[in-house]
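Trainee: From first to last, the protein sequence lines stand for chains W and Y.
In terms of my numbering, the first sequence opens at residue 1 and continues consecutively.
In terms of my numbering, the second sequence opens at residue 1 and continues consecutively.
To be clear, the hints were calculated from the coordinates, so they are not data collected in a lab.
Predicted, not measured: the structure shown is a model, and the values here were computed from it.
Any given hint might turn out to be false.
What the hints assert, rightly or not - Lysine to aspartate or glutamate pairs mimicking DMTMM-like chemistry, simulated, CA-CA at most 25 Å apart: (1) W:K851 with Y:E154; (2) W:K847 with Y:E23; (3) W:K847 with Y:E54; (4) W:K851 with Y:E5; (5) W:K473 with Y:E5; (6) W:K851 with Y:E194; (7) W:K466 with Y:D111; (8) W:K473 with Y:D152; (9) W:K466 with Y:E194; (10) W:K172 with W:E549; (11) W:K843 with Y:D70; (12) W:K465 with Y:E128; (13) W:K755 with Y:E71; (14) W:K466 with Y:E112; (15) W:K851 with Y:E63; (16) W:K769 with Y:E128; (17) W:K606 with W:E668; (18) W:K769 with Y:E117; (19) W:K470 with Y:E117; (20) W:K183 with W:E103; (21) W:K606 with W:E549; (22) W:K473 with W:E753; (23) W:K847 with Y:E194; (24) W:K465 with Y:E8; (25) Y:K18 with W:D849; (26) Y:K26 with Y:D182; (27) W:K473 with Y:D166.
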Amino acid sequence: MKFLKLIKIVVFRNIREEKFLTTLSIIGVALGIGLFVGIKVASDRAVASFEADIQGINPYANYEIVDISGIDFNEDVYRDVRNLEENTFPVLKTFGYIPEIKETIDITGIYTVKFVRFLNLPQNNSPPLSKGGMGGLDKRYDFENFYIEQNGVIITKKFSDRYSFKNGDTLKTFVYDKEYSLKIVDVIDTEMIPANTMVMDIGNYQEYFHKVGYLTRIDLATDGKKAEEIRKILPAYLTIEEKEEVFKNKKSLVASFRYNLQFVSLISILVGMFLLYNTIFISVVKRRTEIGVLRSLGADRKTVIMLFTIQGMVLGCIGSILGIILGQIVAYFSVFAVEKTISTMYSTISISDYVMTKGETLGALILGLFVSLLASAIPSFESSRISPDESTREGSFEDKYKRYQKVFSSIGVLCIVSGAVWSYVDYRYTPFEFPFLAYVGILLIIIGFTFISPSYLSVILKIIKKPSEKIFKATGKITIGDMRGNIYRFSVALMSVAISSALIIAFLTLIFSFRNSLNGWIKSNITADVYIKPLSCKSNYCFYPLSDEIYTIAKSFPEVVSVAKFRTLQLELFDKKVIGAFADISVKRIYSDIKYFDTQQAERLKEMEDGKVVGISDYLSIKYGLQRGDPIKLKTPKGEETFTINDIFSSYSTTSGFIYIDRRWLREYWGLDDATQISIYTQKGTDIKQFIHKLKERLSPDYSLEIMNNQELREKVINIFNKSFAITYAIELISIIVSLIGVVNTLLALVFERKREISIIRYLGGSWKQIGHTFTLSASIVGITGIFLGTIMGPLMSIIFIHVVNKISFGWEIHFKIPFLYLSFVTLILFLTTVTAGFIPSKVARKIDPKRFISFE
Amino acid sequence: MVRLEKIEKSYGNTRVLKGINLEIEKGDFISIMGSSGSGKSTLLNLIGAMDRPERGNIFIDGEEISSYTDEQLTIYRRGKVGFIFQFFNLLPNITAFENIQMPLLLNGIEDEAKVFEYIKRVGLNGKEDAYPYQLSGGEQQRVAIARALIHDPEIILADEPTGSLDSENGRVIMDLIKELTDKTGKTVILVTHEGYIAEYAQKRVRIKDGVIL
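Bound-form chain Y, shown alone (with noise of 0.2 Å):
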């Protein structure tokens, strides 16, 4: 599903990847540990297409994306990648029905009642109209989660899911990430650097100073 081959990315004078080799199968789900600055998000953007590496090829399902144009990424990332991110990142001024129908709608879809069943899903009902800053902590990662899944993409990329949650928050988000991808066969991207939360993937993966160990 996922190769990265011998990426190489750097911000600067900084070297962050160098020389990556992954490769990913689809529906695994996948933890990358590492410490700060090691380059775990880098990682995610450049699967996500949010960047272009350097040195090095990613191939998505057999097609080469670090060539595409910027129009070309858009469209992947739109259609085969759900974000998680640690804040959250919810558009502040759109309510949570709204925020979960995004993905849809950049896609050109109107399906309210596939946004109902995504609600129900990650359990927030009741609260669709509520603006994120209604609702705590947990419930907006219920929402960024529904947002994340709701176009059916083939790729979940979390980056630090739970870092902004407490333990037991945190074991609740991921029970649900764990629960909504296993039937679907979804590719999960898992980066984090908390142990307890790497278990629940399958693979783990460390990264150090760039390289994967």
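Bound conformation, chain W alone (with noise of 0.2 Å):
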């Protein structure tokens, strides 16, 4: 009870009396906890999305057949497994597109008689579920109707809900490459299905998108002896996996895009916490007097430690409530654009759920707390070290740092070239399939440079003094002496401008240097002037071919000189799945301008239309070791073939691996020669527009298809990739206004600390203004100093980003380019913006009485 009122007294008191450095305390803390949260739950929806996917609607399956190639299979094959496994269930499954709402939809056709059987879900005829059936199944559901309507689907509820779709609606889909109706026959209340799931009987599926014949997969519910049993009849072009095991690789598909996003989150959080730790020390140094008039009443230095630390995580508990609220704004905004990037680069997601979940939430509390104690202890420590005398002597708090100043700048060294040894360790030797060791040099580096920052400034404000003196005169001599008493209270302000401009130069150039490569990458795979696909593929690469039609028609055109097919299919290597691209190599080459590509690029192409070659992307190479002249052995369905290596090159639209073989190929292992894509390459001097228009007129009656040329096809490269740095703005944003935020809180924790001496000043003579210059030049000098440091932290850091981090997440190669003038102007913004900071201080200085603090009557 005691200590509670102490609590009352010295903690929650100071509370209220420093409401502003409080509150900047506050926000930052908020702002860190709030972004590392909402992309957490956007990315670990992205993941429950997969796993959706993959699960499928019966919950009880555990393994899946499926086709090696990722397309739709003969379903002969189900005899022969159901004979073997009674508990089978055929899928037929594909992505929709629905214009009306924008969304895309998963249209699954289940073997409903066997399905409602096995989850003994209830019929419109039938007596209702007994307790402890499947959530939210318990009422009848309207399956006449689902037989009937050969193009009935039942909807998900939170679907309908959202949507406003009920029982009768008619949606029109661009489903494979034409455009479909559904008609909703029913609404289901559960959780079992992904919310934009739609179901259809699977013989009306065969029916309406004229797929008799045919499956896309076939889930089972049995166990690993009977799943052997299985594999053994199956045939080369089939496969038995569990699904713990697909979902497992799929996951680890993103798993580098997850751990990126959340790496630099928590940056924002490392930056709130500075702040913490900076309100809190300036707390302890203004309060040196009270604490040694506490420890002379007899307080024990654990309890100055246990005060100080609970003013910090009450502030960080406030901060992390105020965080949750806002991670689940930035939830709601992170998850359009990491479905948009998952969906472009990997598989079509749909994330419906954004809303934080009690152990999110929960989670997300204690991680402030924990970040509200690490940044408290310190300074906390530090405060049960003042002795009773120390309040009447000024400038020892800071003088026994001093004492520690080379001590910090050691560390600081040694802290940095740690950092900078790990970054290569994880370059040269990829111990990791993630690069934790560059993520961990970034840290060390940042860690480093804050350890000689006081050394730093102390340097700077060294050769800057006799200048500022000469120009500023009072104003400088004042605020030079100001801050070289203060040195590490500075310091953190100063790390805090320079980590913001830090980022804002690494991302900036990793921003700049990826569009250049992907221009590059544009320039020499995007070439021909015409592109076709399917209006409902919103992924880079759909597996479901395109009508044999549409080429024969687009051929058809007079300006049409040449027609590429393209087919994507699912590879796997190593076990892993990875993209394989059969390309119509020749026509690419002898038709493409021969602007796109360089002659050797054109001998590669030539030796992949001749021999047993394939490319792989930069991804493939680094993961397995992979060089030119390496044999591959990819699994077809006439069994394992080896091709060669001849190429290795950077792939951008795919994160999983990319192989680029002749489409002779396609025709010869897999017996196919359809097209997932075509492009078209006209006459010279054609007016393309027109031709657009001319193929749309045709086409468009029967197929939904997308139709671009060459420059629509390129800005949408650029959107998409614009698109997936959204993030990465918002995470720089934060990271200025939080430095900013640094600034302010320092200059005016001086403010309140410098009462005494801005009154000495108006009694000598200064005027507001002059004092209020003393802020700006603080805030000026904190701002260079600040920049400087971060442009030898940023372009560190962003080589680690380019080199490192994007080559073993993603298997970018993305060649370096500093983007000067941009760079420039950004931090000409952040300097000014830093500048301003000094103009809150002034004005709060006004506020000052200076007889109060003067006369002692």
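Build the complex: two chains, separate frames, hints provided.
Mentor: See below:
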């Protein structure tokens, strides 16, 4: 009880008194936690969406039979499998796009009778489900209409509520390469089915979508022994996999994407921690007299530590709660960006849920408290070391730290060197699948620079002392004196600016370099005049083909000199799924404008036409140590075939590995000659706009296609690229805000700390304007020195991001290029914003009544 | 030099000065004595243009300053007034030299020689690079005295300048103030509650409950 009273007097009263500082640190913590949690929720939902997609709608299915190429297969095998295992469920599945709501949906065809019987679902004329049945499936469902309506679908309640769809509604949907109408026959309220999934009877599916005789997969509820038996009877082009393994594989595909996002958002937490550390530190310094008095009254060191720790955690708790609210808002927006990026780069997902769970909320709170504990640990410990007599001697607190400055600098240099070494180790040896060491390296570099920042600032102040005093006279003298007397405090503000500018420089360099490399990639890959793909395909690659007729029609136009077919399939390399792209390489080589690629590239393409060779993406080369000339074995329906690698290229369209093969092998080993996309090369001088118009006129009545010209496709690629980095821009903006708050925080604390000094200056005849100038000058010096440090850290970080993190995570070869002009502009903005941070303390200082701090009556 | 007419000042509900009339000639060394809360420091703040009276007028060299703007008061204070405080009130993050130099800099003057001269005059040779926390109380007060005089103000306002010093040091400081101001004809207004300090002044005034006795 007594301790609670002490907390009330010492902690809560101080929090009330220091409103502005308190508010700033709470905002800092809130922003850091909010961003981290929001992004985590979005990426967790993405993974959950994957899992739901793999699981399908049968919660008991633990195995699945699929075509190794990821395409639909002949249903004849189903009979044989069923003879071995009764609990088999054939499934047809594809993605559809509803233009009315701009959403991608999952259309799943199920063997209704078996499904209903297996899951014991109640039908219209059956008694309701007994207790313990499937969650939400306790109403009767209209399966009769489900059978009768060929285009009848059951949708989820979540989907229905979200878009106000109801029984009887018809939805215009693009499926494969045509437009269809889906009629809602019932709404199901269950967590078992992902929100954006529509269920059809498999027979209806086959009829309606012209997929008679085909299946996408067979789900099984069986055991390992039976699965092995089934494996033996499957043809070479089919495989049986445990769903858990499929999920793990798919999850690992997005792991890099998730971890990278999470790490970047972690930096926001670090900056938030800085703020909180600063606030507690300033609180300790300001209240050293109070602490000295407490100690002289008998408070032990433990009590003093507890008080300041509690203060930190109270601020952290409030910040975390706000952060949770902010995190929810961030999650809402992040979900769109994450959904778009993953759907484009990996496979289509649909995230309908972004509401934080109780567990996630609690996790965020715990994280916030932990972060607060860390941030307040050092200042709290320092507070306990204040002796009663220290309150009467000014300057002694900072003096203490000056003794350790050399030690701190040494630790800092060691951290920076270690950081560089770990990053190099990751670059050279790649011991892990994910660049953990590189991230540790980046963190060590940031920590290292933090440790050397007081020495760095000391040196800078020594250098600029005379010129500042010469130029700014009294203002300069007071400012430099203040800064030299409060090195550690100002170095915290400096690091806020430094980290912020380093992040800006690192990310802008990454984005600029990436865009540059991407433009190079676009130049040599997007070479045709017109591209056609199904409108329902929202990923970079889909596995269902265009109707053959589209190719024939396209070829029939007089403007056309050639049409190249492009077919993607799922291939397996070292037990991992990769994208196989089968292209009409000769068409590309002959009909592409020579300006698009160099002679070496042309030679490699010729080799692919003539021999049993393939090109692989950087990702596969890095991951498996593959080089030009190495053999690789690919599983085909006709058995395993060996190809030789003749080219290693950058591929930014996917991160799951990419193999580029001539179409000849598609025909020979897969028995296919269809296309998932076609590229059209036209006569020189053709009016492309006109040509596309004619194409659309001819094809649109029967097909739903996306037809783009070369420029439109390039813009689309850049657009996707920009959207992928949307989250990064948000993180940058928040980091800038947090760093600004750090500067304001420090300067404001100085105002509160220096009330007496400000009063003295007023008594000496200093005007408020002159006093204001000292804050502006402090902010400017912090700004310049911070930005300068950031310009050393930033390129270092960008080198690690580009050459290590991105390479290991995504296999992207990015050519380093610094956007000097753009960076100069952005750092100027940052500097000006930092300088304006000096205005707020100036305004606050004007409220000081000097008489109060000088008169002792 | 300094004329106060019917000066009244309150802080909140407390009337601190209740109609002060006082005339101080140029070159006077005047002490104002009174107990704690009698209004001594308030009087100094008014003369030093750190505050404005609610009623009455303050004339400095014939000019009525009570209606000056904040800017004008600052300029007046910068040029014509030097303060010496009980607790020295040096700027802690700059050296003794820089503390003394500060009034010159605020007036836009760079004269290092003058600073050195005053360091010598207050007997702080060799201590110019010391920070306030490295100086004793007496030494800090010497710095404060030098700072108060360096820009040649006409008026020196000393608020209990020996209040934080022992009696021996107190006398030393007062001797110094007297020595430095006697020759230059400055007007010194000294606030104290100690009799032996008040004796340094030529004229003595007592203030009690906001009025001059």
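Trainee: Verify the proposed pairing of K473 of chain W with D152 of chain Y, using a straight-line Cα cut of 25 Å.
Mentor: Distance of about 19 Å is within 25 Å: holds.
Trainee: Take the C-alpha atoms of K473 of chain W and E5 of chain Y, compute the straight-line distance between them, and say whether it is at most 25 Å.
Mentor: violated, 38 Å
Trainee: Keeping to a limit of 25 Å between CA atoms, is the pair of K473 of chain W and D166 of chain Y held or broken?
Mentor: Violated. K473 of chain W to D166 of chain Y sits at ~36 Å, over the 25 Å cutoff.
Trainee: Straight-line Cα separation of K769 of chain W and E117 of chain Y no greater than 25 Å?
Mentor: violated, 30 Å
Trainee: Run the distance test for K851 of chain W versus E154 of chain Y: straight-line Cα separation, threshold 25 Å.
Mentor: holds, 21 Å
Trainee: Holds or violated: K183 of chain W and E103 of chain W, Cα atoms, limit 25 Å.
Mentor: The hint holds at about 17 Å.
Trainee: For a C-alpha distance cap of 25 Å, please report whether K466 of chain W and E194 of chain Y respect it.
Mentor: violated, 44 Å
Trainee: Is the hinted pair K851 of chain W and E194 of chain Y satisfied, with a Cα-Cα distance of at most 25 Å?
Mentor: Holds - the C-alpha atoms of E194 of chain Y and K851 of chain W are around 22 Å apart, at most 25 Å.
Trainee: Taken at face value, is the distance from the CA of E8 of chain Y to the CA of K465 of chain W at most 25 Å?
Mentor: Violated, because 46 Å separates the two Cα atoms, which is more than 25 Å.
Trainee: Sort out whether D70 of chain Y lies within 25 Å of K843 of chain W, counting only the CA atoms.
Mentor: Judged against 25 Å, a Cα distance of about 16 Å means the pair holds.
Trainee: Quickly compare the C-alpha distance for K466 of chain W and E112 of chain Y to 25 Å and report which way the hint goes.
Mentor: holds, 14 Å
Trainee: Can you confirm whether the C-alpha distance between K851 of chain W and E5 of chain Y stays at or below 25 Å?
Mentor: Judged against 25 Å, a Cα distance of about 22 Å means the pair holds.
The structure does not agree with the numbered hints 2, 5, 9, 16, 18, 21, 23, 24, 27 stated previously, though it agrees with the rest.
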